[in-house]
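This is what each chain is made of:
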Amino acid sequence: MFSVLRFSTIKNLRNVRTFASSTSNHFDIIIAGGGLVGTSLACALSKNKILSERNVLLLEGAPPFKGFECGEYGNRVSALNNNTVDFFKNIGVWEKISAARFKPVKQMQVWDASSNASITFNHDNFSENVAYIIENDLVLDSVYKELESAKNVQIKNLAKIEDVDLEGLATKSVKLKGGEEFTCDLLIGADGVNSLVRKQMKVDTYTHNYNEMGLVATLELDGNACDNSVAWQRFLPTGPVALLPLNENKSSLVWSTTPEMAKKLQSLPADEFVDELNKAFVKEYPKNEFVSNALRVLDTIMNSDSQSSRQYPPKVRSVVERSRACFPLGFMHSSSYVRSGVALVGDAAHRIHPLAGQGVNLGFGDVKCLVEVLADGVYGGATLSDKLVLLKYEKDRLVHNVPLMLGIHGIQSLYSSSFSPLVLLRSLGLQITQNAPPLKNLFMKKAMG
Amino acid sequence: MIAKFRGFCVYVIHNNYHTLLKRPVKHFNEESQRLLAIKSSFNAGDQPLASDSKAAQNLNKEVIHHNHLASEWWDQNGPLKGLHSLNQIRIPFIRDGLVSRNYTNKKFIGTSKVLEGLDILEVGCGGGILTEGLGRLSANVTAIDLGESLIQEAVSHINDFSPELKSKVNYKLESIESHSKKNLGKYDAVIISEVIEHIDDKPEFITNCLDALKPGGSIFITTLNKTAILWVCGIILAENVFKLVPEGTHHWNKIISHRDMQVLLDSLGCQVVVLNGYVYEFWKNSWLWTKNTDFCYAIHAIKR
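Residue numbers (the numbering used here), protein chains in the order written: chain A, 689 to 1137; chain B, 13 to 316.
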């Protein structure tokens, strides 16, 4: 008797799903956000043999993607690592990207303006590339084209999400501005750093404002840049400045600096801007005598020569018109990526400083892992919303993301100081890593896949 | 001290094992004959017991115990959370077992319809945690249990949360004895998951299960092992100290060791093809396959 009573109360509390599934507005999976990560997730879901029969709805606030043409280079580019490229190969996107254009990076050179410590990353004899520089618009275009043949994915543009309801036991619902409502078994938040899905999950987030802005631009290099296959990054006291190669004579700029300086650089006349930029790569900053001596001693001990083997980046000739743009930089990490029927991917779950170019790679790593975990769960008879399955995704990604994010955050903090002991610490650290192949390989493996 | 205790237990187990081995095979048949006399008691279901046998009373106690858990059956964080997470290893075990026996249609392997077209009987389905999982892989599952509230809970859960499975899953408030009589040799597989440890007359029970199975069909059993470590961890600590399992769920004297189970299956004309051990990592609510069968074991046997 007792159990029957309890049984009926529980039943009344349930959010019964029959209503939802009887309408055509129910989907197995809804992806909120059609950026790089959201679209590639939809594509990966359509390619997976186990998940390809699930109905997927991709909600994107912007109008339909305008497409991509091989004209002038776009100013938003990503440095994709080998893991991401493998993932793109698996979902059929790489073929399209490589048919258009991409630039392999054979070597990365990083050095410190406050000392002469430097480090280079490359595979033995340049046998493998360390990264690939690809325009974000090209990636989006390739993924959208691949999605055209995906039968199970519907894309809804101009879909601005007003509210999401995650409290339903059986289904989650999404309400759009304009009143349309959709329900789903699994809602995936790929809606960026200000994710509404994450806000509704009511999880704690750790955020940190670097008080820096990133300035991007497309640059033309001076005549003889050889094959321009090195990515350059110099840590200035105001933040790192990086040149990412686009082709033989063009590179993309990512310059992290103070907000005032970024605004100023953005509005400078083109020739003055180019002067400032060239100066940034070669200007001598006051060096601490003690640090320089320590580095010389280290060089002697390790039998290396950090001073003379230095290469310098190619000289910038001009900046492409209207290619300069600014964006704020910050650190954010969500304490949890999932709850029953909900998961976060990409910037919705974590955001880092662009200094190592890892942000978007982490996002694609999330997508790959989530699809694998979901497929495994479904092949094991679980529902898409099963929290036990989603927790596996969260666990896998936390183990991978957190150390990397802390590492990058640590580097950022370490390099934003001119305090001598810190300069000494980072310079010695960089120099030791440069001269200790096992340590260097470990970093490369972590960051470049 | 512990080693001594363990040694003693191993000794006891071995002794039991040898007595079992020495028994003539027909012993089980005799035993089941004897228990056929009280078969009506297994039909208990909703009606009061006719014959007042001890076994029937025990069975009834088990049903009542689990009936009380009906409302909490589907709470993933509730008292049965271990059963929910057990799905993550027992469903792949059953799935891969069936795939390896070539019962499944090749074109569905590697898709979510991998068990399409297979008829599976689940005995002692409770609220349907395993049943729905198998239905989701497209198997036709008949699931029986003697607890009325449990079957009600299972039916209402599928109606409310998984209506798409209604055509795949069929719940019945019925004993295995009466069900197998009506469905002789019907099923490709019979599943007895976390159930055999609640059954008094195992030979009779397994015999009934096998009756419902096609020749060459598979029987899957997952249960606790009768070892000292299980007694300490699985009953004393899990039920009384850490409260991982509701108190009074398991009874030491009803647990059957994997050796006894193998002998029993062998004597009933089955060939054991897989014997795996598994353990519960309660701190993260997940299960792990192990070589060691001291804690729990899963058996896949074929009806000859």
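Because the hints were derived from the structure by calculation, they are not lab data. Some hints could be false.
[What the hints assert, rightly or not] Which bits of chain B does chain A cover? Going by a derived footprint, with three or more residues having C-beta under 8 Å, they are:
1) 84-98
2) 101-111
3) 236-247
[Said to hold, decoys possible] Here are some chain A residues the structure puts well away from chain B; computed CB gaps all over 12 Å:
4) ASP774
5) ALA787
6) LEU857
7) ALA858
8) THR859
9) ASN882
10) ASN899
11) PHE978
12) TYR1000
13) SER1028
14) GLY1069
15) ALA1070
16) THR1071
17) HIS1088
18) LEU1092
19) LEU1116
Ideal Cβ placement from N, Cα and C applies to all residues, glycine included.
Self-check item: Hint numbers contradicted by this structure
Solution: Hints 3, 6, 7, 8, 13, 14, 15, 16 contradicted; others consistent.
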